[in-house]
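Chemist: Next come the chains, spelled out residue by residue.
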Amino acid sequence: MAALPTSRLPLSLPGFEHVKRAWNEAYGAYSARLNPGEYYVTKNDEAIYTTLGSCISACIRDRVSGIGGMNHFMLPATVDEGGWKAAGLGSATRYGNFAMEHLINEIMKNGGIRKNLEVKLFGGGRIIANMTDVGMRNIEFARDYIATEGLRVTSEDMGDVFPRMVVYFPVSGKVRVKRLRSLHNNTIVEQETQYLHTIEKKPVSGDIELF
Amino acid sequence: MKSEIAELVKGVGGLVTLPDVFIRINQLVEDPNSSATDIAKVVGQDPSFTVRLLRVANSSFYGFSSTIDTVSKAVTVIGTSQIRSLALATSVASSFDGLPNTLVSMEHFWRHSLYCALVARNLAKRARRCDPDAVFTAALLHDIGELVIFNRMPQQAKDALLLVLDSADELPVYQAEQQIMGFDHAEVGGELARQWKLPPMLEECVEFHHDVRDGLRFQREVALVHIANILALMAEIHSLDPSDVSPIDPRAWAIVGLNADDVIEETVSEVQEEIAEAEKLFLGK
Chain A
1 MAALPTSRLP LSLPGFEHVK RAWNEAYGAY SARLNPGEYY VTKNDEAIYT TLGSCISACI
61 RDRVSGIGGM NHFMLPATVD EGGWKAAGLG SATRYGNFAM EHLINEIMKN GGIRKNLEVK
121 LFGGGRIIAN MTDVGMRNIE FARDYIATEG LRVTSEDMGD VFPRMVVYFP VSGKVRVKRL
181 RSLHNNTIVE QETQYLHTIE KKPVSGDIEL F
Chain B
212 MKSEIAELVK GVGGLVTLPD VFIRINQLVE DPNSSATDIA KVVGQDPSFT VRLLRVANSS
272 FYGFSSTIDT VSKAVTVIGT SQIRSLALAT SVASSFDGLP NTLVSMEHFW RHSLYCALVA
332 RNLAKRARRC DPDAVFTAAL LHDIGELVIF NRMPQQAKDA LLLVLDSADE LPVYQAEQQI
392 MGFDHAEVGG ELARQWKLPP MLEECVEFHH DVRDGLRFQR EVALVHIANI LALMAEIHSL
452 DPSDVSPIDP RAWAIVGLNA DDVIEETVSE VQEEIAEAEK LFLGK
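So the sequences go chain by chain: A and B. If you count by the working numbering, then the first sequence holds residues 1 to 211, one letter each, in order. If you count by the working numbering, then the second sequence holds residues 212 to 496, one letter each, in order.
Pulled out of the complex, with its shape left as it was, chain A reads as follows (with noise of 0.2 Å):
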């Protein structure tokens, strides 16, 4: 039997209402599920939780305020020989810079201040075997990013051949980081893929139409 939630569902920030939340007993809080794709900004003292196959989620928050939030993204796989970066800001990059700064701007938006925000990265997992290393290129994205926008990375999970379940708690920071056997991999890559499938179908065309 389910333990009765201590409190009731909090409000979410605005734009955030289709973001499935549910009380966690194990956790003592609600939590937001994300699925890939989305992203989840909040100031209240709820848990934000994913899987991660070779997907990135970044928890970021300002560590003065408590508010923060994450994402969970992956760049598709358009590029050729020479890696992402040869692409310079082409298509695929955008869709990490894309959920990168909707993130950012949101906890800003909300009061965040861009000094105090610390970040954690977790994901980029190869669980598929003998197939190209996108786990790597999504790692090494984020990496770049960070490094560009002058963030701190203050801890990190990424890599290795793990499915992984992220819990985050903007408030206090917390961060639980918890292996999947791979009884989950197939159902983690199915859900990635049909990610993958609809960044795929809609090319971003210029930098407006992410805004």
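Worth flagging that the hints you see were computed from the coordinates, not collected in a lab. Incorrect hints may have been included.
[What the hints assert, rightly or not] Taking beta-carbon pairs under 8 Å as the criterion, some of the chain A residues facing chain B (in silico):
id	residue
1	His18
2	Arg21
3	Trp23
4	Ser31
5	Arg33
6	Asn35
7	Tyr49
8	Thr51
9	Met165
10	Val167
11	Leu180
12	Asn185
13	Asn186
14	Val189
15	His197
16	Lys201
[Claimed, not checked] A short list of chain A residues far from chain B (calculated; beta carbon distances all over 10 Å):
id	residue
17	Arg8
18	Asn24
19	Glu200
Positions of the beta carbon are idealized from the N, C-alpha and C atoms, including for glycine.
Position chain B against the provided structure of chain A, taking the given hints into account.
Modeler: Leaving out everything else, chain B in the frame of chain A:
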């Protein structure tokens, strides 16, 4: 519910078959009038099992000091009952080739099963109360019901896995299956073992590996496989943190007579050393 499980398992009858060599050895082991010579004869009639048997007998898996170059020597040194365990263990993975699924790769599925088998064998040697080869085979089989569910009920099986992920991996898979289908892979596996007429010890280990209840005939073996299943997950995800895996029923430790703090770290690291060779021996790689 019972009849639903029985129907489900009947539905895969023609797709999964036990190897003939195991069935014949099984009959001989159960027959008080048979001898080791009879068993060696049956083994010798199956060239592919003979090769697998001699490979295992001469591997570090057993670590015998002398070379075992004949079937009769293998039967004498290893033991007839253990030969029966090996006949099942070295062929069970290929027996399920006719039951494919899209939810888990066979490689990942059998690697977890093999980790579980190695842990169970390791713990049985420490506890000195069960036959290590018999629990090895029981543990190797523990999740066979999963392959039936994944093949016959793919949508519900997928829903159960999604439920686990939605719970932030707090809900164990078997409980998610109970919520979605009203039964779980352990019950299905137990039914398969019954229809196959596997030795009762194997049947109980498969059926109750998530439920170490009182009144079982082979409670020690069941408790060993229960513990081994969780330690196998630790070995797989390279973590010794109990909160990263499902909980172990504390009664299981008491039943097998081992202390968790004394054995977990050592056992997990030992099976991680063994897994690569065991995959070659038992999964034919």
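Chemist: Each hint: holds or not?
Modeler: Each hint tested on the structure:
Taking 8 Å as the C-beta cut-off, the interface hint given for A:His18 is violated, the closest approach to chain B being about 16 Å. Taking 8 Å as the C-beta contact cut-off toward chain B, the hint placing A:Arg21 at the interface is violated, the least distance being around 12 Å. Because the smallest distance between the Cβ of A:Trp23 and any Cβ of chain B comes to about 11 Å, over 8 Å, the interface hint for this residue is violated. The beta carbon of A:Ser31 comes within 7 Å of a beta carbon in chain B, closer than 8 Å, and the hint placing it at the interface holds.
Below 8 Å, beta-carbon pairs count as interface contacts, and A:Arg33 has one with chain B at about 6 Å; its hint therefore holds. Here the hint on A:Asn35 is broken, as its CB sits about 11 Å from the closest CB of chain B, past 8 Å. The closest approach between the C-beta of A:Tyr49 and any C-beta of chain B is roughly 5 Å, which is under the 8 Å cut-off, so the hint is satisfied. The beta carbon of A:Thr51 is positioned within 8 Å of a beta carbon in chain B (closest approach about 5 Å), and the interface hint is therefore held.
Interface hint status for A:Met165: upheld, as the beta-carbon distance to the closest one in chain B is roughly 5 Å, under 8 Å. Interface hint at A:Val167: satisfied, since its Cβ lies 6 Å from the closest Cβ of chain B, which is below the 8 Å cut-off. For A:Leu180, the shortest C-beta to C-beta distance to chain B is roughly 6 Å, which falls under 8 Å, so the interface hint holds. Against a cut-off of 8 Å between C-beta atoms, the interface hint on A:Asn185 holds, since the closest Cβ of chain B lies about 7 Å away.
With a least beta-carbon distance of about 6 Å to chain B, the hint placing A:Asn186 at the interface is held under the 8 Å criterion. A hinted interface residue such as A:Val189 counts as satisfied when its beta carbon comes closer than 8 Å to some beta carbon of chain B; here the least separation is about 10 Å, so the hint is violated. With its C-beta approaching chain B no nearer than about 17 Å, A:His197 sits outside the 8 Å limit, and its interface hint is violated. Because the beta carbon of A:Lys201 sits about 23 Å from the nearest beta carbon in chain B, more than 8 Å, this interface hint is broken.
Interface exclusion of A:Arg8 from chain B stands, the closest Cβ pair being 21 Å apart, more than 10 Å. The beta carbon of A:Asn24 sits about 6 Å from the closest Cβ of chain B, which is not more than 10 Å, so the claim that it is off the interface is violated. For A:Glu200, the condition that its CB be more than 10 Å from all CB atoms of chain B holds, with the nearest at approximately 22 Å.
The structure fails to meet hints 1, 2, 3, 6, 14, 15, 16, 18 from the earlier list, while all remaining hints are met.
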